[in-house]
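All chains, full assembly: derive it from the sequences and hints.
2 protein chains.
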Amino acid sequence: MLFIQSKDIDKLMTHSEAVEAMEEAFLIQENDDFTMPDRVHVNQGDNVLLLMPAFAGNYFSTKLVSVFPENSKIQIPSIQGVVVLNDGKTGEPLALFNGAKLTSFRTGAVGGAAIKWLSSENLHTVGLIGSGVQGLSQVQFARSVRNFAKLLVYDSSPEKSKEIGGIIKNEFPDLEVQITQSADTLVKDSECVISTTTAIDPVFSNRMELVQDKLFIGIGSYKSDMQEFPDVVCQSAEAVYYDTPMAKKESGDLAKPLSKGIIKEKDLRSLGSLIQKDHSIKTTGTVVFKSVGMALFDLIIAKNLYEKAKLTNMGIELSF
Amino acid sequence: MLFIQSKDIDKLMTHSEAVEAMEEAFLIQENDDFTMPDRVHVNQGDNVLLLMPAFAGNYFSTKLVSVFPENSKIQIPSIQGVVVLNDGKTGEPLALFNGAKLTSFRTGAVGGAAIKWLSSENLHTVGLIGSGVQGLSQVQFARSVRNFAKLLVYDSSPEKSKEIGGIIKNEFPDLEVQITQSADTLVKDSECVISTTTAIDPVFSNRMELVQDKLFIGIGSYKSDMQEFPDVVCQSAEAVYYDTPMAKKESGDLAKPLSKGIIKEKDLRSLGSLIQKDHSIKTTGTVVFKSVGMALFDLIIAKNLYEKAKLTNMGIELSF
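Protein chains in written order, with my numbering: chain A, 13 to 332; chain B, 13 to 332.
Don't take each hint at face value.
No copy is singled out in the list; a pair is fine if it fits within one copy or between any two copies.
[Unchecked claim] Distance condition first, Cα-Cα at most 30 Å in a straight line; then the derived DSS-like pairs of lysine-lysine:
| hint | residue 1 | residue 2 |
| --- | --- | --- |
| 1 | 19 | 322 |
| 2 | 85 | 322 |
| 3 | 272 | 85 |
| 4 | 289 | 260 |
| 5 | 101 | 172 |
| 6 | 181 | 276 |
| 7 | 101 | 85 |
| 8 | 322 | 294 |
| 9 | 235 | 101 |
Since the hints were made in silico from the structure, they are not lab data.
What follows is the structure, given as structure tokens:
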């Protein structure tokens with residue numbers, strides 16, 4: 013069994029290769045070439061253990077991920093876990109990954125895939141709302157598919173805005189990074205807005221002129237009572253995409269506008285359907301992409317990382 | 013995260029310490045001090061992935077185990093997997109174990125606990141039916157709790173009987189090991205019969221005089237259509253014990269006699285109830301113990317192994 017460390021994940025695969033792996037996952041989903049049981053939730057008080065298995069091709073994987081919200085008070089990550097990749101023909105465990113790192117890597121790559129297929133090739137200004145691990149990951153992957161010149165950053169904590177701004181500037185010296193004082197200003201001045209918060213209520217104003225003709229990438233909301241984007245985003249949208257149909261129920265960013273009749277279920281499409289037809293969207297109107305993630309993404313990124321690690325003799329062989 | 017290799021498991025804990033760990037698990041079960049959701053079965057054709065989580069005290073664990081029956085045709089173990097132990101307060105993954113090894117180790121220890129509480133201290137002759145990994149494990153743990161002088165071995169394959177007989181003789185030079193030509197002979201000449209086969213139909217004859225006043229330890233049958241012991245075993249029994257109440261449904265050794273009215277559900281008891289009262293059974297009649305296993309056993313053995321590994325600086329620290 014191969015143990016693939018977090019630091020090896022970044023070495024094994026470029027960001028654009030990871031985006032391609034997520035495109036592979038989207039196509040597998042469109043062709044229905046996979047088995048993915050409902051994720052299992054084991055609740056222990058406020059804490060939860062999620063078990064996320066998926067089968068496709070010659071592999072299967074299981075993510076075990078725990079969400080302990082109180083951890084943040086003691087400076088321990090709330091989300092921790094592992095991903096185990098197995099041989100689909102024999103069941104043999106093939107590789108072990110840090111579940112938090114794999115998740116942030118593939119979630120960044122899913123956002124990157126959305127920007128690749130939904131944004132203008134001349135994208136100039138991107139706005140990032142939220143300054144956590146996923147905020148950084150989204151910017152890294154977005155930059156791997158579009159060479160935008162300017163990044164606006166907003167977080168409710170000015171210190172955290174400054175901190176992530178510094179990290180990004182350090183990684184991309186040619187990128188102009190600007191901290192904004194409000195989310196509304198950020199939205200107004202961006203062509204593409206990526207939101208990565210755990211907000212319950214929308215993070216900017218419900219004003220049509222603010223959101224029109226922009227691309228919105230929703231990453232943070234993963235429960236039906238969490239809504240990062242005000243209703244006007246969906247109301248203004250010419251096209252709304254999701255990563256998995258479960259997003260319609262699992263995220264308030266889609267569930268709430270759907271329940272209010274602002275958007276209709278038949279008007280929502282999977283990003284995979286666009287990739288399958290192999291044509292990027294052509295619109296100057298408002299476009300929305302909402303991601304909630306799924307075990308199939310974990311499986312396909314793990315499979316690609318494992319195959320690259322075997323080819324390049326990376327990872328640590330664990331003698332069982 | 014600590015990686016604890018298979019070979020380290022045998023070094024970290026004596027067999028009698030492992031039996032004590034299983035007694036701890038039985039008491040936790042009696043006191044209802046645990047959370048154990050139903051195991052999750054993910055079927056892929058004839059193959060199955062089982063996800064088995066359990067929470068107790070300051071830990072939780074998940075066993076991911078795959079059962080690929082066709083593997084035996086290509087000399088690969090049918091059952092493979094991992095066990096992940098986590099910190100119950102933060103969710104942090106603490107340790108990784110080989111799931112097949114941990115399972116065979118704790119299943120042997122459960123059988124050992126049953127013999128400790130249900131057999132005479134003067135036990136002289138034990139009969140082992142079945143020559144697989146679990147056959148060996150049962151003998152090792154039985155010998156750790158009772159210093160019996162003679163072991164009879166039967167397997168439908170004479171070569172395999174001879175092979176396991178040699179391995180056992182090598183490990184216990186003072187034990188008289190004898191291969192029998194039939195299961196009936198083995199039962200007739202043993203005081204305690206341990207059965208570890210994957211037989212669908214009973215492995216010896218349905219004759220009262222064969223089974224009376226003996227102790228039967230049923231390990232192999234884990235499905236309702238698998239029955240190692242003929243009906244007369246339960247019919248003759250003064251006491252029938254199980255490891256977990258699920259055994260009544262999950263094993264044909266209990267489910268079939270129950271459905272025929274040979275035994276009544278109210279007459280079955282958990283081994284834990286005996287351990288809780290802290291008194292061994294006093295009977296010269298027929299006694300049955302049936303084990304199907306549960307995630308709580310994996311958790312408690314993993315917890316004890318992990319704590320010993322930390323104390324003794326064993327295991328390999330995986331830098332996540």
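Legend entry - Hint numbers not upheld by this structure, sorted from lowest to highest: Numbers 3, 6, 8, in rising order.
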